[in-house]
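Undergrad: Quick note, our numbering runs 914 ahead of the 1-based positions in the sequence shown.
Hints listed in this document are in silico derivations from the structure and should not be mistaken for laboratory results.
Among the clues, some could well be false.
Subject to a maximum C-alpha distance of 25 Å in a straight line, what follows is the list of computed DSS-like cross-link-like pairs (lysine-lysine) [to be verified]:
hint : residue 1 : residue 2
1    : 982       : 1039
2    : 1039      : 975
3    : 963       : 990
4    : 982       : 1032
5    : 1032      : 975
6    : 990       : 1026
7    : 982       : 1026
Just the calculated beta-carbon pair ranges, DEER-fashion [what the hints assert, rightly or not]:
hint : residue 1 : residue 2 : range
8    : 1061      : 935       : 17 to 25 Å
9    : 944       : 999       : 22 to 30 Å
10   : 933       : 961       : 48 to 56 Å
11   : 965       : 1021      : 39 to 47 Å
Even for Gly, the Cβ is constructed at its ideal location relative to N, Cα and C.
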Amino acid sequence: MAATDNRNDPFRSFNFVVDFGDDTIAGFTEVTGLTADGDATDYREGTDKFNNVRKLLGLRKYSNIQLKRGYTRNDKMWRWYAATANGNNDRRDGIITLQDEQHRPVLRWRVKAAWLNKLETSGFKASASEVLIETVELVHEGVLMEAVG
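Required output: the full structure, derived from the provided sequences and hints.
TA: Here it is as C-alpha cells:
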C-alpha cells in the first residue's frame, strides 16, 4: 500500500454550486459570509460559592452571505431583489454545495429563509478589460453544515 493511499487532504474551495429555489439561479465565482456566532450571557447569583460569573448560552447570529458572479443576461437575481424591495416576502431556502475534484458533493450548507438585501455592480471603466461583477447579499435566518455521503 502506497503512503498516499491513506491521505485525507482538505477540500479545495473552487468547485461549488449555489441553489435557491426550484432551479439554479446563476453560477457564482465567490461565496463568503458563511459565519455563525453566538452571544454569551454573564450570570451570577449572590449565593454562588466562587467569585466569578457563569457563562450562559445566548442568542445565535448569522452573517449575511455574499455571492459574486460575472454579469450575463440572466436577470433572476434582479427579479428576486425587486420582488423583496417591492414588499413581497420572497424568502427562499437554499443550499450551497462544495464538490470534490470529480464534482461529487462533499459538504452542504443549508440556508434558511433567505432574501436578497443588497445588489452591487463592480462598475464600468472604459480602459479596463475586467469582467463586470455583480455582488448580492443575502440575509437569512440560519445555516447548517452537513457532510454528504
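Undergrad: Run every hint past the structure and note whether it holds.
TA: Now for the hints, and whether the structure bears them out:
For the proposed pair residue 982 and residue 1039, the alpha carbon gap of about 19 Å is at most 25 Å, so the pair holds. Simply put, residue 1039 and residue 975 have alpha-carbon atoms about 38 Å apart, too far for the 25 Å limit, and the pair is violated. Between the alpha carbons of residue 963 and residue 990 the distance comes to roughly 60 Å, so the proposed pair goes past 25 Å and is violated. Distance check on the hinted pair: residue 982 and residue 1032 sit about 12 Å apart at the alpha-carbon level, within 25 Å; holds.
Under the criterion of a C-alpha separation no larger than 25 Å, the hint pairing residue 1032 with residue 975 is consistent with the structure, at around 19 Å. The straight-line distance between the Cα atoms of residue 990 and residue 1026 is roughly 19 Å, inside the 25 Å bound, and the hint therefore holds. Restraint check: the Cα-Cα separation between residue 982 and residue 1026 comes to about 20 Å, which is no more than 25 Å; the hinted pair holds. Between residue 1061 and residue 935 the beta carbon distance is about 24 Å. The supplied range of 17 to 25 Å therefore holds.
At about 23 Å, the beta-carbon gap between residue 944 and residue 999 stays in the expected band of 22 to 30 Å. In this structure the hint that residue 933 and residue 961 lie 48 to 56 Å apart at CB holds, the actual value being about 53 Å. Taking the beta carbon of each, residue 965 and residue 1021 are about 44 Å apart, inside 39 to 47 Å as hinted.
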